[in-house]
Amino acid sequence: MHLSSAVRIALVILLSVTIAWIGTVALFYLSASGSSRNTRPLPGQVAALVTLLERASPAEQQLILHAVTSQALTARLETGIHLGVTPKLQRVPRLTARAVDQYLAAAGGRPNSVTISREHGGKGGLGFTFVTPVDLELRVGLATGDTLVVDALSYPVANILGVPVGFVAGLTGAVLGLIALLALRREVAFNKLQVRLSHLVRGRIAMLGGISHDVRTFLTRLRLRVDRIPDEEERERAIADIADMLRLLDDALLASRAGAGELAEELVDFAQVVRAEVDDRRSAGKPADLQVAGAAANGTTTVLGDRLALRRVIANLVDNALVYGKAAHLSIDADSEFVTLNVDDEGPGIPPDQREAILEPFVRLEDSRNRRTGGAGLGLAVARSLVEAHNGTIAITDAPGSTADSARGGARLTVKLPLFVAR
Amino acid sequence: MCNSAHLRVEYRAGYGYNGSMAETGATILIVEDDPVIRRLVGEVLRNEGFAVEAAENAASMDAILARIQPDLVILDVMLPGEDGLSICRRLYAHERFPILMLSAKADEIDRVVGLETGADDYLVKPFGPRELIARVRAMLRRGPRTQTPVIRRFTVGHLVVDLDARQIIDDHNTAIALTSAEFDLFACFIQRPRRVLTRDQICKWTRGRMPDPLDRSIDMIVSRLRRKLDRASPGANLITTVRNGGYLLTVHVTPAP
Numbered sequence: 001m002h003l004s005s006a007v008r009i010a011l012v013i014l015l016s017v018t019i020a021w022i023g024t025v026a027l028f029y030l031s032a033s034g035s036s037r038n039t040r041p042l043p044g045q046v047a048a049l050v051t052l053l054e055r056a057s058p059a060e061q062q063l064i065l066h067a068v069t070s071q072a073l074t075a076r077l078e079t080g081i082h083l084g085v086t087p088k089l090q091r092v093p094r095l096t097a098r099a100v101d102q103y104l105a106a107a108g109g110r111p112n113s114v115t116i117s118r119e120h121g122g123k124g125g126l127g128f129t130f131v132t133p134v135d136l137e138l139r140v141g142l143a144t145g146d147t148l149v150v151d152a153l154s155y156p157v158a159n160i161l162g163v164p165v166g167f168v169a170g171l172t173g174a175v176l177g178l179i180a181l182l183a184l185r186r187e188v189a190f191n192k193l194q195v196r197l198s199h200l201v202r203g204r205i206a207m208l209g210g211i212s213h214d215v216r217t218f219l220t221r222l223r224l225r226v227d228r229i230p231d232e233e234e235r236e237r238a239i240a241d242i243a244d245m246l247r248l249l250d251d252a253l254l255a256s257r258a259g260a261g262e263l264a265e266e267l268v269d270f271a272q273v274v275r276a277e278v279d280d281r282r283s284a285g286k287p288a289d290l291q292v293a294g295a296a297a298n299g300t301t302t303v304l305g306d307r308l309a310l311r312r313v314i315a316n317l318v319d320n321a322l323v324y325g326k327a328a329h330l331s332i333d334a335d336s337e338f339v340t341l342n343v344d345d346e347g348p349g350i351p352p353d354q355r356e357a358i359l360e361p362f363v364r365l366e367d368s369r370n371r372r373t374g375g376a377g378l379g380l381a382v383a384r385s386l387v388e389a390h391n392g393t394i395a396i397t398d399a400p401g402s403t404a405d406s407a408r409g410g411a412r413l414t415v416k417l418p419l420f421v422a423r
Numbered sequence: 001m002c003n004s005a006h007l008r009v010e011y012r013a014g015y016g017y018n019g020s021m022a023e024t025g026a027t028i029l030i031v032e033d034d035p036v037i038r039r040l041v042g043e044v045l046r047n048e049g050f051a052v053e054a055a056e057n058a059a060s061m062d063a064i065l066a067r068i069q070p071d072l073v074i075l076d077v078m079l080p081g082e083d084g085l086s087i088c089r090r091l092y093a094h095e096r097f098p099i100l101m102l103s104a105k106a107d108e109i110d111r112v113v114g115l116e117t118g119a120d121d122y123l124v125k126p127f128g129p130r131e132l133i134a135r136v137r138a139m140l141r142r143g144p145r146t147q148t149p150v151i152r153r154f155t156v157g158h159l160v161v162d163l164d165a166r167q168i169i170d171d172h173n174t175a176i177a178l179t180s181a182e183f184d185l186f187a188c189f190i191q192r193p194r195r196v197l198t199r200d201q202i203c204k205w206t207r208g209r210m211p212d213p214l215d216r217s218i219d220m221i222v223s224r225l226r227r228k229l230d231r232a233s234p235g236a237n238l239i240t241t242v243r244n245g246g247y248l249l250t251v252h253v254t255p256a257p
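Residue numbers (my numbering), protein chains in the order written: chain U, 1 to 423; chain D, 1 to 257.
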């Protein structure tokens with residue numbers, strides 16, 4: 001998984017927004033818990049209320065009750081003593097009841113009870129009264145024979161699921177943060193892998209380049225010494241062997257560079273390169289010729305690619321045609337998008353069922369193996385890998401055996417390359 | 001040494017030996033780090049009647065040049081210490097003898113004979129003795145170079161660019177004003193025409209360092225340069241963008257008269 005920088009920045013923003021969200025909720029909680037302590041009836045407040053009510057006349061009692069009533073607290077009087085039972089297992093009522101007892105102890109103590117009148121979030125919540133806000137009902141039996149009933153309401157700071165407000169937000173933020181962290185970790189690991197791979201590939205290409213350089217040094221020594229062989233035939237053979245070794249080396253180096261995407265990219269006039277290769281063969285007395293047709297005749301066969309690689313493709317195809325097919329007839333054609341090179345020979349042709357296979361490395365036609373034509377079977381495979389590295393295609397068909405020269409009709413190798421279009 | 005006698009006869013037969021005494025007696029300096037190739041090339045040349053001096057690196061070459069003036073220098077591209085390309089540039093600027101470069105890499109040749117150095121000819125390793133002799137004789141026949149200074153003035157499309165004077169003149173003979181950074185960038189393209197240059201390469205060549213991953217300053221300078229060039233020669237589209245983040249000078253660069 002490779003993340004673009006935009007995605008990374010988005011994740012970072014999301015993470016910081018989530019952190020800000022959690023922070024806000026935490027602040028709300030801190031301030032809410034400050035005020036919620038006041039919504040719980042302070043035991044001292046209740047004790048004071050009890051003392052006041054017991055001293056006051058009935059009319060004043062109503063005034064006092066009005067005075068202390070607020071959104072969080074309502075107080076009323078019931079005639080007669082009606083107490084509840086403080087539940088022993090619930091911490092908030094128990095602690096509240098104990099505190100009220102302590103305050104009222106100074107005044108001689110009053111019978112009282114603290115019960116939970118309503119639990120916010122219901123039974124589905126977490127069920128801890130010190131976490132889940134609760135409404136309390138305090139009952140204190142007064143010396144006047146009445147009962148003071150104080151309902152302490154708590155702010156509903158739990159959400160609809162009964163968990164505290166912000167709990168889900170925090171959880172979501174934490175999970176998102178974790179995902180972002182994992183994604184970044186994966187990306188870092190992936191980048192490391194990529195860097196290592198590219199080092200490896202470059203290292204291997206550099207090593208091949210170094211080997212190639214050193215082998216060339218040895219071949220140069222050998223080539224200079226070979227001329228001392230007195231027998232002319234032997235000497236020519238040795239020179240040809242050196243040329244074959246060199247070709248193999250160059251093929252391997254070019255193919256590895258093509259495979260690693262390390263080929264050069266420059267504007268190459270394809271027709272010009274083809275012409276140069278054909279002229280080379282002709283001046284060496286080989287039967288090669290070239291026809292340029294269509295848009296290619298106007299010199300618009302510019303291809304974006306590696307000059308050496310393209311030269312190698314053409315050289316391999318032409319030399320194959322010369323070695324296995326007696327002659328090489330080349331033709332170039334171009335339309336607005338592609339340039340097409342056909343290399344026809346006069347050999348026996350390539351059977352249709354072997355055309356795919358012969359483009360693979362180390363594959364040679366069976367009957368050519370018996371002949372003494374040499375070669376490792378890499379030429380066409382290298383040509384294919386180089387053509388494909390240029391986003392081109394290579395195909396084998398039959399050369400058109402026209403009536404005029406029926407001697408022709410060997411194999412046709414077609415290379416199609418995309419032309420460079422300036423934007 | 002019956003072999004070498006045989007060889008000498010052969011070269012004469014194979015190449016229609018017709019060298020004058022001046023050619024035959026010419027002094028040739030070989031700069032090559034491989035001792036065996038140095039010796040073998042020396043033997044081949046001596047067999048042809050040339051006087052041969054050999055150096056294994058730039059320092060020993062300089063020592064020999066202080067002593068004698070060769071008629072031709074054979075220079076290997078890959079040398080320890082100062083490499084052949086840099087030696088070639090140095091010699092080309094100050095000396096008039098022709099330079100034959102030897103290279104083990106075919107893809108180096110563009111740079112060897114292109115705009116970067118002043119090499120007169122080259123041979124790709126491995127080469128045969130006859131090839132070598134033929135090149136050497138042809139170069140000696142042409143004689144020493146007449147023009148000594150390297151003029152870095154080029155025709156780029158409709159523009160004439162002088163890299164030393166840092167001046168660009170369009171076909172109406174008006175100068176185009178570029179900032180220093182823009183000119184450096186344009187010079188970078190001119191020295192590597194019709195070749196895709198990646199952002200990293202451009203940064204390395206113009207500033208000597210790799211760019212930061214989020215650094216877009218090269219792209220900004222390129223787009224400013226393109227705007228200015230487009231104004232000078234509308235529709236020429238000298239510099240284009242290539243799909244995976246590279247730039248390309250599309251026209252040919254030729255030495256200006």
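I should point out that these hints are in silico values taken from the structure, not numbers from a laboratory.
Incorrect hints may have been included.
[What the hints assert, rightly or not] Taking lysine-lysine pairs in the DSSO-like style, the calculated list, with each CA pair at most 30 Å apart, reads: (1) K416/U with K286/U; (2) K326/U with K286/U; (3) K416/U with K105/D; (4) K286/U with K105/D; (5) K228/D with K204/D; (6) K228/D with K192/U; (7) K204/D with K105/D.
Hints and how they fare:
1. K416/U with K286/U: 25 Å, holds
2. K326/U with K286/U: 9 Å, holds
3. K416/U with K105/D: 28 Å, holds
4. K286/U with K105/D: Holds: K286/U and K105/D sit about 26 Å apart, inside 30 Å.
5. K228/D with K204/D: Status holds; Cα separation ~23 Å.
6. K228/D with K192/U: Not satisfied, since the Cα-Cα distance of roughly 41 Å exceeds 30 Å.
7. K204/D with K105/D: Holds. K204/D to K105/D sits at ~23 Å (cutoff 30 Å).
In this structure, only the earlier hint numbered 6 is contradicted, and the remaining ones agree with it.
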